[in-house]
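Colleague: One letter stands for each residue in the lines below.
Number of protein chains: 4
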Amino acid sequence: MNPIDIQQINERLEAFAQDREWNQFHSIKNLAMALGAEAGELLEILQWLTEDQSNAIKDSPKEKTKLEEEVADIFIYLCRIAYKANINLEQAVNKKIELNAKKYPTEIAKGSAKKYSELPVVGE
Amino acid sequence: MNPIDIQQINERLEAFAQDREWNQFHSIKNLAMALGAEAGELLEILQWLTEDQSNAIKDSPKEKTKLEEEVADIFIYLCRIAYKANINLEQAVNKKIELNAKKYPTEIAKGSAKKYSELPVVGE
Amino acid sequence: MNPIDIQQINERLEAFAQDREWNQFHSIKNLAMALGAEAGELLEILQWLTEDQSNAIKDSPKEKTKLEEEVADIFIYLCRIAYKANINLEQAVNKKIELNAKKYPTEIAKGSAKKYSELPVVGE
Amino acid sequence: MNPIDIQQINERLEAFAQDREWNQFHSIKNLAMALGAEAGELLEILQWLTEDQSNAIKDSPKEKTKLEEEVADIFIYLCRIAYKANINLEQAVNKKIELNAKKYPTEIAKGSAKKYSELPVVGE
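Those protein sequence lines, which keep their order, are chains Z, E, G and C. Everything in the first sequence is counted per the numbering used here, starting at 1 for the first residue and increasing by one. Everything in the second sequence is counted per the numbering used here, starting at 125 for the first residue and increasing by one. Everything in the third sequence is counted per the numbering used here, starting at 249 for the first residue and increasing by one. Everything in the fourth sequence is counted per the numbering used here, starting at 373 for the first residue and increasing by one.
Since the hints were made in silico from the structure, they are not lab data. Bear in mind the structure is a predicted one, so any value in this text is a computation, not a measurement. Be a bit skeptical, because a hint or two may be false.
Residues from chain E shown here face chain G by an in silico Cβ test under 10 Å; the list is partial [to be verified]: (1) Trp146; (2) Asn154; (3) Leu159; (4) Glu162; (5) Ala163; (6) Glu165; (7) Leu167; (8) Trp172; (9) Leu173.
Backbone N, C-alpha and C define an ideal beta-carbon position, used for all residues, glycine too.
Only chain Z is shown next, with the shape it has when bound in the complex (with noise of 0.2 Å):
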């Protein structure tokens, strides 16, 4: 799989806001709004169908292409939110991905769904 080159979906994105005169609307609480609605597409497509069903979709074409779909307009609406919000979406994921490493430390968390907060405390 290709790195995904942000700056050029970002510039992409922009121009395609520009054309249509969109920046208008997109604040970055109107953005976060779009990205909830996205979410709630996700949540439609899945929502009936059990765990199993839900893992099968990528063996099922027509699903799969609307999994895709929503997926990517999610993606879209989370690049617009890091542009607009001056944030580096790979320093931030990097970032995000080592603190979930300390928060939830191999030993302790194994098998365990429990929140951070629910866990038994490490060290001290």
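Go by the hints and put chains E, G and C onto chain Z.
Modeller: Leaving out everything else, chains E, G and C in the frame of chain Z:
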């Protein structure tokens, strides 16, 4: 901004899940719910702000860090969903950008926040 | 179960907002974001549970209390939105139930999780 | 406005589900996803509107009808979740309103959109 190496992120996230025996929880259905929960946290940060205040978050280090963490969480779950569903994120995003260009032709969509289905129909 | 006196709830919520000078934040847009954030918290409670585990929450006092609080939060924001938009909740709900009965005729929809738009067309 | 007879609504919704053999899909987990999807549709109606425009929806019959339908859909799923989890909606809502009154004392919370956890601590 560096390109994002999705394959490397996927490998880190998969190792993270395997080390903690979390793949049992990571059905596509469950990951979509987790993404929806994170989208909710993004909304919570912005819900009482005006649009201008939401755009000014980039100048407030404390608020920007919170925004960055939510954006990263959503990105991480999006990568997990794409990984589990064999979706090529880069191709899916580029395909969707092209689709949007056809759905919202510049001349018709200019300055309008109307949905595709409510825009005047375009020629033949 | 007692009927819910929506007018009384609306009066309490409006007094609550006025006492705290919160009406400045309570645009319908903002209230919808707040409802979306609460829906996210509801998802978070349930995201790693199996369907059976989610149904068993009613037997776990601690988890049930969490669920109750989220359900109440969503109800409260729903009342606020209806109040601000002059929506008669009781009429809106009854109208929607009747609409759904027409959209999903028993014989056609039986045992199928298909959306209205994907169900076989009925009669003329 | 008439009080809402939740018991009657529950009975109608339960009969509706039984007639269509839909209870197999109505786990609390799935119903929460469906509610999240409807919350997304609510966001979609409002995402590109200014706060003032969102408040003016009550004067636009077409837009108001759309809002009414989403509000009703969310109400319906909320009733279903409460019904399946043995939650007494009226008690849960009243308890939450009282809890909020303690969490956000008038003098401290006045004019502030800060979350409970960020408000100055009150007395002992």
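Colleague: For each hint, tell me whether it holds in the structure or not.
Modeller: Here's how the hints hold up against the structure:
Hint status for Trp146 of chain E relative to chain G: holds, with the closest Cβ pair at about 9 Å, below 10 Å. Hint status for Asn154 of chain E relative to chain G: holds, with the closest Cβ pair at about 6 Å, below 10 Å. For the restraint placing Leu159 of chain E at the interface with chain G, the shortest Cβ-Cβ distance is roughly 9 Å, inside the 10 Å limit, so the hint holds. Hint on Glu162 of chain E holds. Least Cβ distance to chain G is approximately 7 Å, under the 10 Å limit.
With a least beta-carbon distance of about 6 Å to chain G, the hint placing Ala163 of chain E at the interface is held under the 10 Å criterion. This hint holds: Glu165 of chain E has a C-beta 6 Å from the nearest C-beta of chain G, less than the 10 Å allowed. Checking Leu167 of chain E against chain G: minimum C-beta separation of about 4 Å stays under 10 Å; hint holds. For the restraint placing Trp172 of chain E at the interface with chain G, the shortest Cβ-Cβ distance is roughly 5 Å, inside the 10 Å limit, so the hint holds.
This hint holds: Leu173 of chain E has a C-beta 9 Å from the nearest C-beta of chain G, less than the 10 Å allowed.
The structure is consistent with each of the numbered hints, conforming to all of them.
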